[in-house]
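Participant: Take a look at the letters that make up each chain.
Number of protein chains: 2
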Amino acid sequence: MADGAVGLLGGGVIGGGWAARYLLNGIDVRIYDPAPDAARRLDDVLAGARRAFGRLTLAPLPPEGTLSFVDTVPAAVAGALIVHESAPERVELKQELLARASAASGPETLLFSSTSGLLPSQLQAGIDHPERFAVAHPFNPVYLLPLVELSGGELTGGQTLERASEWFAGIGMHPLRVRVEIDGFLADRLLEALWREALWLVHDGVATVAEVDDALRYGAGVRMALMGPYLTYRIAGGEQGMRHFMAQFGPALKWPWTKLTDVPELTDEFIDRLAAESDEQVQGRSTVELERMRDDCLVALLQALRTQDQGAGATLARWERGLMGLAGAQSLAATERIVPAEWIDYNGHVTESRYLQLAADATDALLARLGLGPEYIESTGSYYTVETHICHIGALHAGDHVTVATQVLGGDEKRLHVFHEVKARGADGPAATAEHLLLHVDAASGRVGPAQGEVRERALELIAEHADLARPARAGRRIEPVSGSVDRARDAG
Amino acid sequence: MADGAVGLLGGGVIGGGWAARYLLNGIDVRIYDPAPDAARRLDDVLAGARRAFGRLTLAPLPPEGTLSFVDTVPAAVAGALIVHESAPERVELKQELLARASAASGPETLLFSSTSGLLPSQLQAGIDHPERFAVAHPFNPVYLLPLVELSGGELTGGQTLERASEWFAGIGMHPLRVRVEIDGFLADRLLEALWREALWLVHDGVATVAEVDDALRYGAGVRMALMGPYLTYRIAGGEQGMRHFMAQFGPALKWPWTKLTDVPELTDEFIDRLAAESDEQVQGRSTVELERMRDDCLVALLQALRTQDQGAGATLARWERGLMGLAGAQSLAATERIVPAEWIDYNGHVTESRYLQLAADATDALLARLGLGPEYIESTGSYYTVETHICHIGALHAGDHVTVATQVLGGDEKRLHVFHEVKARGADGPAATAEHLLLHVDAASGRVGPAQGEVRERALELIAEHADLARPARAGRRIEPVSGSVDRARDAG
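Protein sequence lines, in the order shown, are assigned to chains D and G.
When the first sequence is numbered by our numbering, its final residue is 493 and no position is left out of the sequence of numbers.
When the second sequence is numbered by our numbering, its final residue is 1493 and no position is left out of the sequence of numbers.
Derived from the structure by calculation, the hints contain no laboratory data.
C-beta: ideal position from N, C-alpha, C; glycine also.
Just so you know, not all the hints are guaranteed correct.
Quick list of in silico lysine to aspartate or glutamate cross-link-like pairs, DMTMM-like style, CA-CA up to 25 Å [stated by the list, open to error]:
| # | chain 1 | residue 1 | chain 2 | residue 2 |
| --- | --- | --- | --- | --- |
| 1 | D | Lys414 | D | Glu461 |
| 2 | D | Lys414 | G | Asp1345 |
| 3 | G | Lys1414 | D | Glu480 |
| 4 | G | Lys1414 | G | Glu1375 |
| 5 | D | Lys414 | G | Glu1480 |
| 6 | G | Lys1414 | G | Asp1468 |
| 7 | G | Lys1414 | G | Glu1454 |
| 8 | D | Lys414 | D | Glu454 |
| 9 | D | Lys414 | D | Glu387 |
Coverage of chain G stretches by chain D, computed from C-beta distances (three or more under 8 Å per stretch; other residues unrestricted) [stated by the list, open to error]:
| # | region |
| --- | --- |
| 10 | 1169–1181 |
| 11 | 1189–1199 |
| 12 | 1293–1302 |
| 13 | 1307–1321 |
| 14 | 1382–1392 |
| 15 | 1410–1416 |
Pairwise CB distance ranges, derived in the manner of DEER restraints [claimed, not checked]:
| # | chain 1 | residue 1 | chain 2 | residue 2 | range |
| --- | --- | --- | --- | --- | --- |
| 16 | G | Glu1289 | D | Glu96 | 51 to 57 Å |
| 17 | G | Ala1443 | D | Thr66 | 41 to 47 Å |
| 18 | G | Pro1374 | D | His397 | 16 to 22 Å |
| 19 | G | Glu1289 | D | Gly157 | 38 to 44 Å |
| 20 | D | Asp71 | G | Ala1276 | 53 to 59 Å |
| 21 | D | Gln283 | G | Ala1443 | 27 to 33 Å |
| 22 | D | Ala427 | G | Gly1284 | 50 to 56 Å |
| 23 | D | Arg478 | G | Pro1374 | 30 to 36 Å |
| 24 | D | Ala427 | G | Gly1476 | 28 to 34 Å |
| 25 | D | Asp268 | G | Gly1205 | 40 to 46 Å |
| 26 | D | Gly157 | G | Gly1284 | 31 to 37 Å |
| 27 | D | Pro36 | G | Gly1170 | 53 to 59 Å |
| 28 | D | Gly322 | G | Gly1284 | 27 to 33 Å |
Chain D with its partners taken away, still in its complex shape:
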């Protein structure tokens, strides 16, 4: 019987990445990997993924799924609705694993291969249920990059691809249906063309490994986080778009720039040179350090794209809305957020404006609970903070799990007086408190005026509900003058 777990065959870079994405989405994982160090390697991938997810989103994550290692293919597959094969790129090995998995699968199980270029028709040829098989090709690191190429073979059922698209969208990915079965699918064909030319440039002594990378990452590579060549060149074509671009630059394609003919011979000497230049490029940084740098940058880039709701950032935003929906039933005070690394200042603590951000977001959540949405703001009015008082008691650090508890100290139909306590999980007391006076401003007149309709009713209800709560000790404070300081300063001066 299906138990909601995902079965994974192979736990290397790609299989481990799948495990991390599923576990951090709250989905249990059963994994089959006969390699002796499989558990250790997976631990490393998971540590990296947890670190990245801790920074990726402030939406509340579900409790992490459970990971179990199993000794056989059927044990990984039995009861799973989703199975991924991520073995090395050897056709026979994959075919054999897939055949055993398909034989052990339930009537609803979808079976995917992570191959980066083998044809699905070839892989599904000898298995029991080829109609429920497809290629689902992800990109490294699987827990951060949203793309998954879906390619069905001759025997793949249409419903399989439909269900697969839905499933991957649900775990924050962007499923891209490859409409024609083709070696290398789409992305790897493009990347292979680039890679071959990158090899020639180094082989011919035109550039070093580092120079080739720099030629992309300081220029067109930044654009590529956002758009592919077609949109890029359309924009370059100006108002007349693609047609103009092709007229202007099409002929240049006939110039024999790139090496079209072949791959450089991978002699020992050439490989040695690549390895040496690669060592020079990383200047002693270990793979773990490089992976952290990569993940931190990818998180920052995804967050940047999310602010613009474009590409992979739009995928992230959709996934977060799903998480927020899941968390909707919890009380506001229980919503936990993780302090991201970029909130830290030169003192090693969270920078002061972020304490106010935590409080202000809690105010926004309170207002949302009163029914303040885009429609009300557009048609009727909104609440504005006119005064704020913050007390700093302790410090928050990167990775802290933070909750904000909110109390309404008073108010009427025009005013709300609220008080927040910002607290890290496990801390004795609050790290900070924030007190706010909010006024309701009428949309039409732009002047202070009473809240209307349900917002008004809910606000007055909440004020009444909280009226009997004890008044926090730090409410109503002001900053006292530093007595006598001016005189003493004058003496010292």
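Place chain G on chain D using the hints.
Facilitator: Just chain G, lined up with the frame of chain D:
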């Protein structure tokens, strides 16, 4: 005589991009472009660039340079130390322009071509001062992407390339010296390989224009903002790095994935299809809209990479440090910042925590003036804000030029009581005030203790200097209870 202006020959997408980068770096530009609509097109590029720069950095920008149109090549070149030719990619046209420019140039003038692939030796063959000529190939949009490929021809002097590297670094770019003269340099060889495969995929009906773009921007394209193929594949190789990757995936290069042989024939039918699919991809968005989307995303991506000090973000950070150094001589109160678009909340105003950020940054600037640097913080101590009071009076909007004026209300050797007024240029009064109490905390004990040495002296001096200033009306406020609100709320409930 050299007058510090830059001379530009051609003001299209690339020439206009150069103009924008220079003007916004405070450098005057003289431009020669005989096209009848040159001025209008340049206005459009400049409007886009100003908008992007307004969001790119909070460092104080120098006053914008002056743009003048001239009627002849010599008028653009005379007096300029730097000249860029950015004419269409026709060899004879470029050669003729460069010859006229070189003849009119001064003894120190560097002459660059923006060609994306023509050989510098060919372009410099007939000019008067070939030793001061090189290719400087930028990437669109020139005002945002830092990469500029530098390629010298047979007659180019080594000093020319040295001076060019220094010059481009000074305007926030990343100069990449191309060590071998080669058609297409580095970036365009790589991009052409990708582009040719992108054309085949659409030509063969494997994917649409939009699907090709999606195959990059949701996956490997995000990585490429950060690293090229060599570092990517090294990391994929795990602890054994590049050598392991080549052993594992080298053989796959022999599979005939990409189209190696030729370019698809650019028939009318194929061009029609590309244009139609491109139209579908952009869903009615105009080029201006697409350019804005692109620039907003690039700004956000550059800012994201800056938080990690990687790639193009490291270039941005270096440029900003230069700007801050230029601004060092100004008083703190005069430092002006531009409100970026991502500070805006659902009400259309700057979100409340950013007012505190403006104030807190002004506090940091004050502390820096007292001599609080990394060394003092490490060895002696630091100031921490313990209490904050904010009054909101008006609202700030995206693009506002904001100054923060700071007054020290009092203090002693352990305490600083400061008051900030946050004001938009042209506004009658402050948008917000922020009052803070800071305590000096000893690094060793972690407890409140007196400031030491010069920091103590400067703090006491500043307290004394400000002692006679009038006390701001909003200092010392507290949030008053909303009187009678609870009773009224109960009645309503």
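Participant: Are the hints correct? Go through all of them and say.
Facilitator: Each hint tested on the structure:
Taking the CA atoms of D:Lys414 and D:Glu461, the gap is near 14 Å; set against the 25 Å cutoff, the hint holds. Simply put, D:Lys414 and G:Asp1345 have alpha-carbon atoms about 21 Å apart, close enough for the 25 Å limit, and the pair holds. Between G:Lys1414 and D:Glu480 the alpha-carbon distance is near 15 Å, which keeps this suggested pair within the 25 Å criterion. A threshold of 25 Å between alpha carbons decides the hint, and for G:Lys1414 with G:Glu1375 the separation of about 19 Å falls inside it, so the pair holds.
Taken as a hint, the D:Lys414 and G:Glu1480 pair is honoured in the structure, with Cα atoms around 15 Å apart against an allowance of 25 Å. Under the criterion of a C-alpha separation no larger than 25 Å, the hint pairing G:Lys1414 with G:Asp1468 is consistent with the structure, at around 21 Å. A C-alpha spacing of about 14 Å is found between G:Lys1414 and G:Glu1454, which places the hinted pair at or below 25 Å, so the restraint holds. A C-alpha spacing of about 14 Å is found between D:Lys414 and D:Glu454, which places the hinted pair at or below 25 Å, so the restraint holds.
For the hint pairing D:Lys414 with D:Glu387, the CA-to-CA distance comes to about 15 Å; that is within 25 Å, so the pair holds. Counting residues of the region 1169–1181 of chain G whose beta carbon lies closer than 8 Å to any beta carbon of chain D gives 5, which reaches the threshold of three, so the coverage claim holds. With 11 residues having a Cβ less than 8 Å from any Cβ of chain D, the region 1189–1199 of chain G passes the three-residue criterion, so the hint holds. A count of 8 residues in the region 1293–1302 of chain G with a Cβ less than 8 Å from any Cβ of chain D is obtained; the coverage claim is therefore met, three being the minimum.
Given as covered by chain D, the region 1307–1321 of chain G passes the check, having 6 residues with a CB less than 8 Å from a CB of that chain where 3 are the minimum. Against chain D, the region 1382–1392 of chain G contributes 10 residues with a C-beta closer than 8 Å to a partner C-beta. That satisfies the three-residue criterion, and the hint holds. Look at the region 1410–1416 of chain G against chain D: 5 of its residues bring a Cβ nearer than 8 Å to a Cβ of that chain, three or more, so the hint holds. As the Cβ distance of G:Glu1289 to D:Glu96 is approximately 52 Å, the hint placing it in 51 to 57 Å holds.
G:Ala1443 and D:Thr66 have their C-beta atoms about 44 Å apart, which keeps the hinted 41 to 47 Å range intact. Our hint of 16 to 22 Å for G:Pro1374 and D:His397 holds, since their Cβ atoms are close to 19 Å apart. Evaluation of the 38 to 44 Å hint for G:Glu1289 and D:Gly157 yields a pass: the beta carbon distance comes to about 40 Å. Look at D:Asp71 against G:Ala1276: about 55 Å separates their beta carbons, and that is inside 53 to 59 Å.
One distance hint, 27 to 33 Å for the beta-carbon pair D:Gln283 and G:Ala1443, holds here, with the actual separation near 31 Å. Against the hinted window of 50 to 56 Å, the Cβ-Cβ separation of D:Ala427 and G:Gly1284 comes to about 52 Å, which satisfies the hint. Checked against the hint of 30 to 36 Å, the C-beta distance between D:Arg478 and G:Pro1374 comes to roughly 34 Å, which is consistent with it. Roughly 30 Å separates the CB atoms of D:Ala427 and G:Gly1476, a value that falls within the hinted 28 to 34 Å.
Between D:Asp268 and G:Gly1205, the C-beta spacing of about 41 Å keeps the proposed range 40 to 46 Å intact. Checked against the hint of 31 to 37 Å, the C-beta distance between D:Gly157 and G:Gly1284 comes to roughly 36 Å, which is consistent with it. Range check, D:Pro36 to G:Gly1170: about 55 Å between beta-carbon atoms, so the 53 to 59 Å window is met. Range check, D:Gly322 to G:Gly1284: Cβ separation about 29 Å, and the 27 to 33 Å hint holds.
Consistency with the previously given hints is maintained throughout, with no hint failing.
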